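Asks: Now for the letters of each chain:
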Amino acid sequence: MIEQDWIWGFAGGLMIGVAAALFLLVNGRIMGASGILGGLVDRSGWGNWAERGAFLAGLVLVPGALALAFWPGISTNITGNWAAIVAAGLLVGIGTRLANGCTSGHGVCGISRLSLRGMVATVFYLLAGGISVVLFKHLLGVI
Amino acid sequence: MTRALFAFFAGGLFGAGLLISGMTDTNKVQGWLDVFGDWDPTLAFVLGGAILPMAVAWIIAERRARPALGGDFPAKPEPRLGHNLVIGSVLFGAGWGLVGLCPGPAVASITWGGLGGIVFLLAMLAGMLAAPGVRTRIDRLAAA
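Quick note, the sequences are listed as chains U and H, same order.
For the first sequence, the working numbering begins at 1 and goes up steadily by one.
For the second sequence, the working numbering begins at 144 and goes up steadily by one.
Hints in this document: simulated from the structure, not taken from any laboratory.
Treat the numbers as computed from the prediction; the structure is a model and nothing was measured.
Heads up, the beta-carbon is just placed ideally off N, CA and C, and yes, glycines get one too.
If a hint is listed, it holds; no wrong ones were tucked in.
Label pairs and their in silico Cβ distance ranges:
id, chain 1, residue 1, chain 2, residue 2, range
1, H, Leu265, U, Gly47, 22 to 28 Å
2, H, Thr279, U, Val142, 30 to 36 Å
3, U, Met119, H, Arg209, 26 to 32 Å
4, H, Asp181, U, Ala50, 42 to 48 Å
5, U, Asp42, H, Gly191, 30 to 36 Å
6, U, Val142, H, Lys219, 38 to 44 Å
7, H, Ala273, U, Val142, 21 to 27 Å
8, U, Ser44, H, Ile203, 27 to 33 Å
9, U, Leu140, H, Ile203, 43 to 49 Å
Here chain H is said to cover these stretches of chain U; the calculated rule only asks that three of the stretch's residues, wherever they fall, bring their Cβ under 8 Å from a Cβ of chain H:
id, region
10, 15-25
11, 30-43
12, 57-68
13, 82-95
14, 108-120
Just chain U, with the same shape it has in the complex:
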């Protein structure tokens, strides 16, 4: 399975990268999920709400339609631990806005531009992610 996983991962990664490239070269925008969404939430991005809204509509509807057509019974396999879900959601929301970016903004758009901020952010969220899995999965066993 792992042999197939990396091929799917790479193919999906290429699609993510082409989407980011189009959004930059056509719309002149950075394709950062937390920034596009966060700007609507805290009103800082209301000046171009239609562009943000259209991006988010595509982000919901296209994978939704694909999943419906090709992956019946697909699951995110999310934990059943509600406290963990709420805590993680809050951490991801606050953290990505404090850092001004997430996996797409810092990881994909930042690193590809050799941005020091993007590289430092990516090192820290990957490290914290790894430690979090060790702590909550292996040591505490809550997920």
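With chain U held as given, fit chain H onto it using these hints.
Replies: Leaving out everything else, chain H in the frame of chain U:
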């Protein structure tokens, strides 16, 4: 209208890529982050695959005056590493590892993610709403 159309297309392709890569499967993502356990290096292929076309796009952008639909290319931010970049990234990574969803996949999987996905997204939006206040407090602490 054209801007919104291309934004919809970019968002859709992004979402399709997230689905196909496995980024919306929290079990896989947690396995990819599990560097101290039974690590699966697929995440490196996802990130690497995404960075390649985007690196080409940045090179093209440097040679062009404007994006195809007008306006300006985003300016490169000051290479300053403030405390919020580090604190924010650590908090984000902790949450990502805990449940296995980052912002893009959390939105992309909302139609099939069930109640857990909806609660995660709502908590994430609440966190984004609270972030400016948290930032002010951290900055005040840092200045003191």
